[in-house]
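*Asks:* Residue numbers (this note's numbering), protein chains in the order written: chain A, 20 to 477; chain B, -17 to 429.
FYI, nobody ran anything at the bench for these hints, they're computed from the structure. Hints should not be assumed to be uniformly reliable.
[Claimed, not checked] Capping the alpha-carbon separation at 20 Å, the derived lysine to any residue pairs in SDA-like fashion look like this:
| id | chain 1 | residue 1 | chain 2 | residue 2 |
| --- | --- | --- | --- | --- |
| 1 | A | Lys452 | B | Arg309 |
| 2 | A | Lys457 | B | Arg342 |
| 3 | A | Lys165 | B | Pro4 |
| 4 | A | Lys450 | B | Arg249 |
| 5 | A | Lys456 | B | Lys291 |
| 6 | A | Lys54 | A | Glu389 |
| 7 | A | Lys450 | B | Glu288 |
| 8 | A | Lys452 | B | Lys255 |
| 9 | A | Lys445 | B | Pro290 |
| 10 | B | Lys255 | A | Pro245 |
| 11 | B | Lys275 | A | Asp166 |
| 12 | A | Lys452 | B | Pro290 |
| 13 | B | Lys291 | A | Gln242 |
| 14 | A | Lys456 | B | Lys338 |
| 15 | B | Lys268 | A | Gly169 |
| 16 | B | Lys289 | A | Arg443 |
| 17 | A | Lys450 | B | Thr303 |
| 18 | B | Lys275 | A | Gly169 |
| 19 | A | Lys457 | B | Lys289 |
| 20 | A | Lys452 | B | Lys393 |
| 21 | A | Lys460 | B | Arg342 |
| 22 | A | Lys450 | B | Lys338 |
| 23 | A | Lys456 | B | Asp296 |
| 24 | B | Lys217 | A | Glu389 |
| 25 | A | Lys460 | B | Gln297 |
| 26 | A | Lys456 | B | Ala339 |
| 27 | A | Lys236 | B | Gln207 |
| 28 | A | Lys450 | B | Lys255 |
| 29 | A | Lys456 | B | Glu299 |
| 30 | B | Lys268 | B | Leu304 |
| 31 | A | Lys444 | B | Asp294 |
| 32 | A | Lys444 | B | Gln297 |
| 33 | A | Lys450 | B | Glu299 |
| 34 | A | Lys300 | A | Glu257 |
| 35 | A | Lys450 | B | Arg342 |
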Amino acid sequence: MKRFALSLLAMLPASLLAAGQTIIIRNATVLTVTKGTFQGSVLIRDGKIVEAGEKVLVPDGARVIEAAGQYVMPGIIDCHSHIAADSINEGAVAVSSMVGIEDVINPDDPDIYRALAGGVTTANILHGSANPIGGKCQVMKMRWGKDAQGLIFEGAMPGIKFALGENPKRSGNAGGGFGGSPGLRYPATRMGVEDVIREAFNQARAYQKEWRDYQAKLDRHEQAIPPRRDLKLEPLVEVLEGKRYVHAHCYRADEILMLLRVADDYGFKIRTLQHVLEGYKVANEIAAHGAGASTFSDWWAYKAEAFDAIPYNAALLVRKGVLVSVNSDSAELMRHLNTEAAKAMKYGGLNETEALSLVTINPAKQLGIENRVGSIEPGKDADITIFDKHPLSNYAKVEKVFIDGELYFDRRKDLEERPGRELRKKALIDKQKALEKKDRKKPEATDDKKSEEPGGDR
Amino acid sequence: MKHVTPILLAAASLALAQAPGPIALRGARIVTVSGPVLEKGTVLLRNGLIEAVGEHVDLPKDAWVVDAQGVTVYPGLIDALSTVGLPETPAQPAAPRAEAPATARFGGNEPAMPLEQGPEFRPFTTTWVRAADLLNPADKRIEETRSAGFSSVVTFPATGIFAGEGAFLNLSGEKQGRMVVVSPAGQYVTLTTHGFGTYPGSLMGVIAYIRQVSFDADHYKLELQAYASHPAGQKRPNYDRAVEGLLESPRLLLPAEDAKQLDRMIRFAAELKRPAVLYGGHEAYKIADRVAKSGVPLLVSLKWPEKPKDGDPDQEESYRTLELRDRAPSSPAALEKAGAHFAFYSGGTAAKDVRKALKRAVDAGLTEAAAVRALTLSAAEIYGVADRVGSIEPGKIANLLVVKGSLFDEKAKIESIFIDGIKYEPVPESGPPPGERAGRGAPGGVE
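Input sequences plus hints: build the corresponding full structure.
*Replies:* Here it is as structure tokens:
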């Protein structure tokens, strides 16, 4: 029985520890983010955190993870990523809300595993920023080894990407399109970006009315066929009805205010402003609208609209009452979001908990999943990262990562398995080299015989 | 009763082709596929059909009896996805621009609705093009394919997102009309993109586009029905050839090469609520159970992944690439074990190399019986023509493959192919080396 279990583990590298087990992480420094920090234990059962405290009894049969000297924190949440998808930008149209990341999830992307190795357990995978209204986003858990459906954060609020400024208008300028596309595409200016968004919501309202009229006819028991389903306008109607979050890529203060005004005019909310590097200039307006801000720590000046950025952005926005997260937008930055968060202590003087919140509970709230993840509290998903040192130190390394109580990353195991993986790879290379050699020899050896056969090689 | 010895067979073939009186192959090993193998049986053909098969068959007086000892008779092989018989470059409409140029928006009376919303906007779509209407019986590949043991191919227009309607063909006859067993056999769909500047320019864009067209087709049907029931006083629906072509296609052929694509397309087919057949399947060994459980048939390409010939020799290949190349030929065995419904297609493998490719699947664990079935009856079942081809049964079309020995012995010679009861003999290779032809216009390539 034991051997069977072992071989099963070998087949499923993803789930090093199966769900449904009782696990206790002991003697660690527990950074709950929402309920303080203490020396103690976290008890996990059936994929959920059941208890966290200084004194937790070890239940019979529980698997004990000794974590003396180590630091336990909620799994890191990245509010802006583009990993694990087979396509990111649908760029030739100004409104591409008909497309969605859900259709192209790539569970084989090694960046998922690398994100795990950086302590990330959840990420919001967004469409690119080629168009004023982009495609639908997908919130995922980094359940490496599961299929596409297994990565989806079930029950997370749906989202959609908007984009303002240089990226969406670039396609409207000669020679400036993405990928060198020659054609001009409206819009070419920030004014045009606003027009495209307004026009799209005018259409969405008309479309919403079509369906309401249809429903009214049915209610009156009249004969009617349903309107044509429009996959472009459906998500925008969901935005109008508060059923889909808007995550809007933006840089400059003027365009941020523009979008907030448009949203107010059409009666919907911007859930998060992404990048929002000039957010500190209009923090009061952002707070008044209720939008969240998801920004970089200290990444700027890579284009004109990113020149006015300052590393104090996150802290200033926090102090004005905005819900702030720090994101990666990059498969590399994604692997050390803990130190990205720490920078807000140096620049702006956030305290430890405030800094950790930038990559845990705050992005969880921005994505509407704070009842499930983002802190260590009983009842929440057992999405937990264990660091060997304090996660706000740049010497900290990730030791273990749990998602839903399953162990998805174990640094020690990874290191142990490397030589074996190398050997398996070498064996495959040797096998294929041997086959190639055989194939090269074969035709000569049988040449004479084959030439006698009709239909043989020539 | 005329007796012909095998030696005379070749000389007689012309006569047989011209005078389709009853022909009996006697004393052969007969792999019926639908029933047990007959170690010593007789199959009787008349008027292009199989009249009888069994260990003891009463032969009519006028039957031309061929002593077929030492040969194995199989149903004619079926290439389940092909372009054989089609002109090289079928006409394709030019790609339309995704949206009107920026200036057009300021022209005054332009509709507010961008073009890509209208039913007129159907990029890379030729659902209505029918392979059966484009056949070229003089296509040289017909003879090559036949010489490799194939009596039938399922041929599709292969360019575009919705490329068009395929036809199940018998590789016989001089006339188009005689070749078609059934049309349309399905709609060939690809997930190809055409650059960032064109909609759809991404994989998710193509998927969204296919979804929209599928929904449009459902809505179109409703509109037409509603109009037909009360035309008076109703607005007449627009005719839409793009959805017409989709609606008359009995199934969608969707590309799915690796495990994640198989999973994705199985889900997509279920979502669209349209019968689907997947093609590609090289990583099916990873999720054979899932394929089986889905009930969605899978066409497996016999063009096994190879090391790129012009690749950089110093470039280290990923474990994943190496593993796929190693294990792809084990996919059919895994599918057989899982009980999945699958068939083979040549996928650009030169016709003469098909048996070699098949052998790799058998070496990787596929049973010979399942291998034969995947090249005959399973393909017929997938295309809904198992009532007329795919096995050796009375009443079915007389498509037979006669091999001197076993199909799985690479040295065993194909002696003849009967198609619609007409006997053909394999011809020696001619023309450019097969390597140069391989892959030309081959459908079923998966991105």
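*Asks:* Can you give the numbers of the hints that this structure goes against, from lowest to highest?
*Replies:* Hints 3, 4, 8, 13, 20, 24, 25, 28, 34 contradicted; others consistent.
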